[in-house]
Every structure is written in C-alpha cells, then in structure tokens.
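J.: My request is simple: use the sequences and hints to build the entire structure.
Number of protein chains: 4
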Amino acid sequence: MQPETSEQLVRRLSASFNKQTAMSLIKATMPLIGRGCTEIHLPRWEGIQQQHGFIHGGVVGMIADSAGGYAAMTMTPENASVLTVEYKLNMLAPADGDTLIARGSVIKSGRTLIITKAEVFSVRGEKRTLCALMQQTIMVMHDRGEKSN
Amino acid sequence: MQPETSEQLVRRLSASFNKQTAMSLIKATMPLIGRGCTEIHLPRWEGIQQQHGFIHGGVVGMIADSAGGYAAMTMTPENASVLTVEYKLNMLAPADGDTLIARGSVIKSGRTLIITKAEVFSVRGEKRTLCALMQQTIMVMHDRGEKSN
Amino acid sequence: MQPETSEQLVRRLSASFNKQTAMSLIKATMPLIGRGCTEIHLPRWEGIQQQHGFIHGGVVGMIADSAGGYAAMTMTPENASVLTVEYKLNMLAPADGDTLIARGSVIKSGRTLIITKAEVFSVRGEKRTLCALMQQTIMVMHDRGEKSN
Amino acid sequence: MQPETSEQLVRRLSASFNKQTAMSLIKATMPLIGRGCTEIHLPRWEGIQQQHGFIHGGVVGMIADSAGGYAAMTMTPENASVLTVEYKLNMLAPADGDTLIARGSVIKSGRTLIITKAEVFSVRGEKRTLCALMQQTIMVMHDRGEKSN
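Chains as they are written, first to last, in this note's numbering: chain Y, 372 to 520; chain Z, 372 to 520; chain E, 372 to 520; chain F, 372 to 520.
Some clues are possibly wrong.
Copies of one chain are not kept apart here, so a pair can be met inside one copy or by any two copies together.
With a Cα cut of at most 25 Å, we get these calculated SDA-like pairs of lysine to any residue [unchecked claim]:
#, residue 1, residue 2
1, K498, S480
2, K479, K498
3, K398, H423
4, K479, P465
5, K479, A451
6, K479, D514
7, K398, L380
For the record, the hints were derived by calculation from the structure and aren't laboratory data.
T.: Spelled out as structure tokens, the structure:
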C-alpha cells in the first residue's frame, strides 16, 4: 500500500473539518495540516464573546480540542476515525487578541490511544500570548473511517 | 448587609449569561439557577454538529465549562466575578440526543478558589444518558463585579 | 463460563494488590472490594509526611489512583489487566486526619476504556472531610491477565 | 531588599524537601534546582513497585507533583509557601528504567496561581523515554513561609 501523500493528508482532514458545522459557526479555519500537527485559526468577532468582551473560554476549549484531535488524526490510517476520550485545559490569560491560533501536536502515538497537546495563542499585531494549554487523550477507531457524502 | 435573595441571584447570573454572545450563538439557555447549582440547556440543531452529525464535543465542553462557572458564581459576593482556571472533561458517550443538559454544581467553595463539577446529559424522549463529566477549578476575583451596561 | 463469585473477585484483586510493594511501603491496605468499587485505607504515620506534617499530596494521589484502578479491575474479565491512561486530581483540603480512605468507583465501563472517580476522605474520630477528588481513565488489556507467582 | 541568590534558593528548597519524609521513604532526591525548574531523581528499587515489577504509577505521580510544586516554589518570595490545587497526569510508557527523572518547569507564574508542567523520563543506560506528562496548578500562600525547625 502506498503511504499517504501530504496532499492526500490535507484533503482527508479538510474533508472532515468542513463537515463540522460547529467550526464554521464560530468562523474557525484549519490553514495548517502537517504530520503530527495542525493549526486552527479563529478571528475575534462579536458572536463568540463572553461577558467581558473577550473570546469565550468555551470557544477557546473548542478550538484546542479540535486542533489536538486533528493532530491525532494525521497519525491514523485513512480508514480510521478518532474520538476525544478526555482533555484538560488551563486558561493562562484572557483571549483578548484579534486572532486565536490553536496549535495541536502529537506527544505519543499508539495504535489505540494518541496523546496530544494544544497551545492556544492570542495574537495582536506582532504580539503572541500563550492563553491556554491543553493535554488530551484521543482514541483511534480502526476500520471506521469517516464516510464521504 | 442583606443576604441576596433567590430572585436577585437569578437576576445577577442571568444578566451575565445574557451578555455572552457565544451562548446565544449556539442557542444555549440557563433555565435553572440555584445556590450551588445551575443547568444549561442546548437543543440539537444543524449549526453545532461535528463530522458525524452529533453535537460537537467542543460545544459539549462549552456548556459544561459555563455550567460549572455559573454554579461557582452563585457562591460569590455580588461585587465579585469568576474566572475559569482549568477544567478536565471526559467524554463518555456521543452527544446524540435531542437536547443536552449540563448541570453544574459546587464541590468546594473557598474564598479564592471554587471547585466544581458538571455532568452533561444527552436527552432523547424519556431517556437520559450521561455523556460527559467535568471537574473544574474557578478563581474568584473580589471587588471586580461585572458591570451592567 | 461461570461468572466470577464475590469471593473470587476479592481473591483476584487482593493477589494483585499484595504484589504492589509500593502499597505496603506506605502501609496502605484494601479492606473493601465490591463490583464497581474499592476502598484503600491508609493510616497517618511519620514516614509519609510532607513538610508541614500532613500526609504528602503525592501519597494521596497514589491511593486515589490505585483505588480507581482497582475499581476498574472489578469490571474486567479475569484474564485481563488494567493500565492507568491518565488521571486528574483536585486537592480540596489538607490530609490532616488520622486515616485516609480512598474510595474508587466506576463511572462508565467500556470494553477498552473504563472511566472512574475516586474520593479521598480524611478521617479524624467521627469527622470525615473530603480532601481530594480524582477523575481517571483506565485501559483494559485483554488476554494479558496478571500471572500468579 | 536583596534578591535571593541561587545559593539561597537551593538552600530554601532543599530545607523544605528534606522535611518531606515521604520523599526519603521512596528514596527520591532533588539534585537540580534552578529559577523556574527542578529535577527529582528516583532509583528503581524493590520497595516502590507495582504488580508487574515496574515503578508504581502512584510513585511516578508523586515525583511529578513534587517536581512541579518545587518549580513553582522557585518563583515565590521566601516568606511564602505553595499548595497543589490540582494536577493531571498522562502515563505514556511503563516506568521500567533504572532511574526516573521528573523535571518540573514553570509555564506561567502569577501572584496567586502558578501553572507548571512536569515531564517524567525513564532512564536506562543512554536511553531516555518520556513516561509521564503532567500539567499542574499551584497556589501561592503569601506570608506563610515554611518554618525552620
């Protein structure tokens, strides 16, 4: 069997991401996909705020969870899918930038479980602040690939 | 000083919740507010799905985090506000019900830190399934109440 | 195949526990084993203290982790073993009692993963204080039972 | 006020560590103390094993928790002490080396809360394997320094 090319990897993950209506609802995109890592970007806009006008912590968690999950998915066979078993997220600073970048990366990749982390940066101009840090456990479901429509 | 009445408590928390545009974006409501506990309800609808058509895990995390945070806020003085320090969420079953109910409750309430949990139930007809469980640390910011607009 | 009796369950778990030299080092015992739950007891003694004279937080974590892991093991077939994938522990109060009791219980039992919690109580006379709360993910290794010596 | 010298820092932390009888019970030492990081070393020996003969996961957690806590303590004033609020630990590989090294480091240091991580390496000869990863929240208790005996 041919190993998956980078182009095929990007196509496989993007197809999955694009089916997540929750990601388009909050206006998140996934512009970076590499073996073992992903980035999800999110502009600050009025629909995703908490009571102080910053980006809602739950939304920060949403993109962290997804960035970690997709980083795990870069390690699995094409006919597998992934499930979040659990994650733990520390909020380090208010998400008050113009953009958030959640960078997911794989820490350890096993056949059944994949351990990942995600760092979420709040970006304003040249300045990047680490605003959240997540540690996550992902389960691989073999032979249960995501169906194309 | 008069202790806060139940009605004042509901008014204080609802005012905060209603300023969270992220909660109205996903169509979440907070119909239950009591001393030490809250419930956030969320109907299943097409805008908050993941790639398999279930409610997105990140959205489950969002309402769990908020239910725990507001449960903590029921314990604080009126002129204080709360911040999520961290939370840990286990996903136990797919969120495939017609409604999700996130029930937040206070485990231990200190002056500076409040420890909470949230249980998220997936509800379909008569059937309720525990689909996520969260343990959370909240920090109290004294003398920094949420301003009314 | 005959289902395992309560007596066989107790014998299987006790045999495993007794092989853990780390548990006897700290003087922990496991006097309660039932389907889905266990208790590990620990007397306060001078060898397991931290710098303030209370029981060391790491020792609290040790018995919480073990109580959860053995609660999971009550749900598995006899020819399986269990591994801690991860746990998250909140310390709620100093462990200043005369005895600690870590009560592990199963929250959700799947074929591959078992989710548990543990509550650790600090006991002094009649008084019990919840001093730690843990949420844990356990992996079942099928057909890899623990060998008897 | 004079800033604390490296020598004073080492003396302050070592004095605290040496009062933890639980650390000497398991034969752990803290040979490395720097501003923002520490290392706790632990030889493998028969008294700290689990049922398969590896170092007990609870003992791994113990040194991870302590390494993170002492890393936090390097950032606090001399008249302050630290408390573990919570930690989350993923076990990545069996602790089957001849020595374990838990390296604690500070991720974010605030006045009241300090967020740390710890990596635990299993060392055998030249080979180092990351066997556990922890994310932790520490609380600073100001004006409550540890008393000397």
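J.: Work down the list of hints and note, for each, if the structure agrees.
T.: Now for the hints, and whether the structure bears them out:
1. When the C-alpha separation of K498 and S480 is checked against a cutoff of 25 Å, the pair qualifies only between copies, where the shortest distance is 19 Å, while the shortest distance within a copy is 32 Å.
2. When the C-alpha separation of K479 and K498 is checked against a cutoff of 25 Å, the pair qualifies only between copies, where the shortest distance is 17 Å, while the shortest distance within a copy is 30 Å.
3. For the identical chains of this complex, K398 and H423 are neighbours both inside a copy (20 Å) and across copies (19 Å), given an alpha-carbon limit of 25 Å.
4. Taking CA atoms no more than 25 Å apart as the test, K479 paired with P465 passes between copies only; the shortest distance there is 13 Å, against 29 Å inside one copy.
5. With identical chains, the CA atoms of K479 and A451 are at most 25 Å apart both within one copy (17 Å) and between copies (24 Å).
6. When the C-alpha separation of K479 and D514 is checked against a cutoff of 25 Å, the pair qualifies both within a copy, at 21 Å, and between copies, at 24 Å.
7. In this homomeric assembly, K398 and L380 come within 25 Å of each other (Cα to Cα) only inside a single copy, at 22 Å, whereas the closest approach across copies is 34 Å.
In the structure shown, no violation is registered for any of the earlier numbered hints.
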